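There are 2 protein chains.
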Amino acid sequence: MAYELYYWPGIQGRGEFVRLALEEAGVDYVDVGRQQGAEALMRMWDGPGIDTPSFAPPFLKHGKRIIGQTANILAYLGERHGLVPKSEAARLWTQQIQLTVADLVTEAHDVHHPLGGDFYYEDQKPEAKRRAKVFREVRIPRYLEWFETILTRNPKTDKHLVGARLSYADLSLFQVVAGLRYAFPKAMARVQPEYERVIGVHDSVAARARIKAYLASNRRIAFNEDGIFRHYPELDG
Amino acid sequence: MAYELYYWPGIQGRGEFVRLALEEAGVDYVDVGRQQGAEALMRMWDGPGIDTPSFAPPFLKHGKRIIGQTANILAYLGERHGLVPKSEAARLWTQQIQLTVADLVTEAHDVHHPLGGDFYYEDQKPEAKRRAKVFREVRIPRYLEWFETILTRNPKTDKHLVGARLSYADLSLFQVVAGLRYAFPKAMARVQPEYERVIGVHDSVAARARIKAYLASNRRIAFNEDGIFRHYPELDG
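Those sequence lines, one after another, are chains A and B.
The numbering of the first sequence is UniProt numbering, which starts it at 1 and goes up by one.
The numbering of the second sequence is UniProt numbering, which starts it at 1 and goes up by one.
What the hints contain is simulated information worked out from the structure, not anything from laboratory work.
A couple of the hints might just be wrong.
As the list makes no split between identical chains, a pair holds if one copy fits it or if it spans any two.
[Stated by the list, open to error] Listed below are the simulated DSS-like cross-link pairs for lysine-lysine, each with C-alpha atoms no more than 30 Å apart in a straight line: (1) 212 - 156; (2) 86 - 61; (3) 64 - 159; (4) 156 - 61; (5) 159 - 61; (6) 64 - 156; (7) 86 - 64; (8) 212 - 61; (9) 186 - 129; (10) 186 - 159.
The structure presented is a predicted model; accordingly, all values stated were derived computationally and were not measured.
Please model the entire structure based on the sequences and the hints provided.
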């Protein structure tokens, strides 16, 4: 039974973390918004017969199940497709890392929308500039330092965030590094030499056969200025 | 073996969601920051021997385990103390609701800190005012409407968010309503009559024996202007 991913058709956004897991798992899935249009997404989002409607996309349909919230979807896929270790302690730790990625993603979005998503970027540019400076100089290094630290402390290897093998947390760290490099190329060029293990995870994920094929395919939407990681040169530096 | 909660001593904050679950479960716990001071929190936060350091408090120590991220902690406690149904589908749904509560909590914080936590509120008051208006008029109703909808659609009862009995999601919805009422008394007085099932959950949680005793005790820190839900009259209306 194919998975159905429901997410906005034009952006990577939070849906991309799910796409990466589905691609690495090598399972059949329908990217409903892209393949059937935004109306198909809207119909399933809040159809009156749905007991568990999500507050926002992405959500995943698998048979009768509809599961929302990115980290929750990844926990579900991870257990089914070997993208998380089996022990409870390791599953909790992987999820904790993913939830911290989610916090970083929210901050990366709020850099260009500090007053919230109900105003256009053009209506909050001076505010975005103030927030971006702190994000570049304080928040990005703080998050990357944390990822570097937990890689260093992983008793099994410094090539993966959890245990000895790939987990969905590694896929998500790849996406975060790719997104930060797209949005803040100058800032990232300056800070990333400090975090060689983080960059190592990025590079090794990008080189995996299925991920490499995915990134080269037209299933991978390009980064753009409607998504979470946006390149506005005035916010980089 | 007593649980140890590590969180800032002076605020409810995100730690309060964990405190409510520990109190309802009726288990022994040490609120380390409050009982032993912030230094004890800092020592455990990033001691060099810790393989799974959290990015930020709260985190919970249980024997050798250290678990961070509020929703993750609640999933752990919920399974152990009957605060979540046993089926996988119900556990995922409860966690999805909790992660949506977490999104609301982040927005409630960002109302008074739209430019981020590295500037004082006093340095971002005009921006906070703009964001607060949208939060009161658009975001609060959108979240409360969603909670009301899922209560209405719960096939078992409209008195609980998941299944027929109390879950940690109900405890968290209580906390959110209490916090919004504290921070935005005028806005909440205006909108809350629309959401009677949401208010019903708040009231029934507040009336539970253990929660009632907790709220009346000095273990419950009062809401204040260092926490997430802050009452600044200029942001209400």
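Each hint, compared with the structure:
1. Proximity of residue 212 and residue 156 under a CA criterion of 30 Å is satisfied intra-copy only: 25 Å inside one chain copy versus 46 Å between copies.
2. Both within a single protomer and between protomers do residue 86 and residue 61 lie at most 30 Å apart by alpha-carbon distance, with minima of 23 Å and 21 Å respectively.
3. Proximity of residue 64 to residue 159 under the C-alpha cut-off of 30 Å is restricted to the inter-copy arrangement: shortest distance 24 Å between copies versus 37 Å within a copy.
4. For a Cα distance limit of 30 Å, the shortest separation of residue 156 from residue 61 across copies, 22 Å, qualifies, whereas the shortest one inside one copy, 34 Å, does not.
5. Taking CA atoms no more than 30 Å apart as the test, residue 159 paired with residue 61 passes between copies only; the shortest distance there is 27 Å, against 32 Å inside one copy.
6. For a Cα distance limit of 30 Å, the shortest separation of residue 64 from residue 156 across copies, 18 Å, qualifies, whereas the shortest one inside one copy, 38 Å, does not.
7. Taking the shortest alpha-carbon separations for residue 86 and residue 64, both the intra-copy value of 25 Å and the inter-copy value of 18 Å come in at or below 30 Å.
8. When the C-alpha separation of residue 212 and residue 61 is checked against a cutoff of 30 Å, the pair qualifies only within one copy, where the shortest distance is 26 Å, while the shortest distance between copies is 39 Å.
9. Proximity of residue 186 and residue 129 under a CA criterion of 30 Å is satisfied intra-copy only: 15 Å inside one chain copy versus 32 Å between copies.
10. When the C-alpha separation of residue 186 and residue 159 is checked against a cutoff of 30 Å, the pair qualifies only within one copy, where the shortest distance is 26 Å, while the shortest distance between copies is 52 Å.
Of the hints listed earlier, there is not a single one the structure fails to meet.
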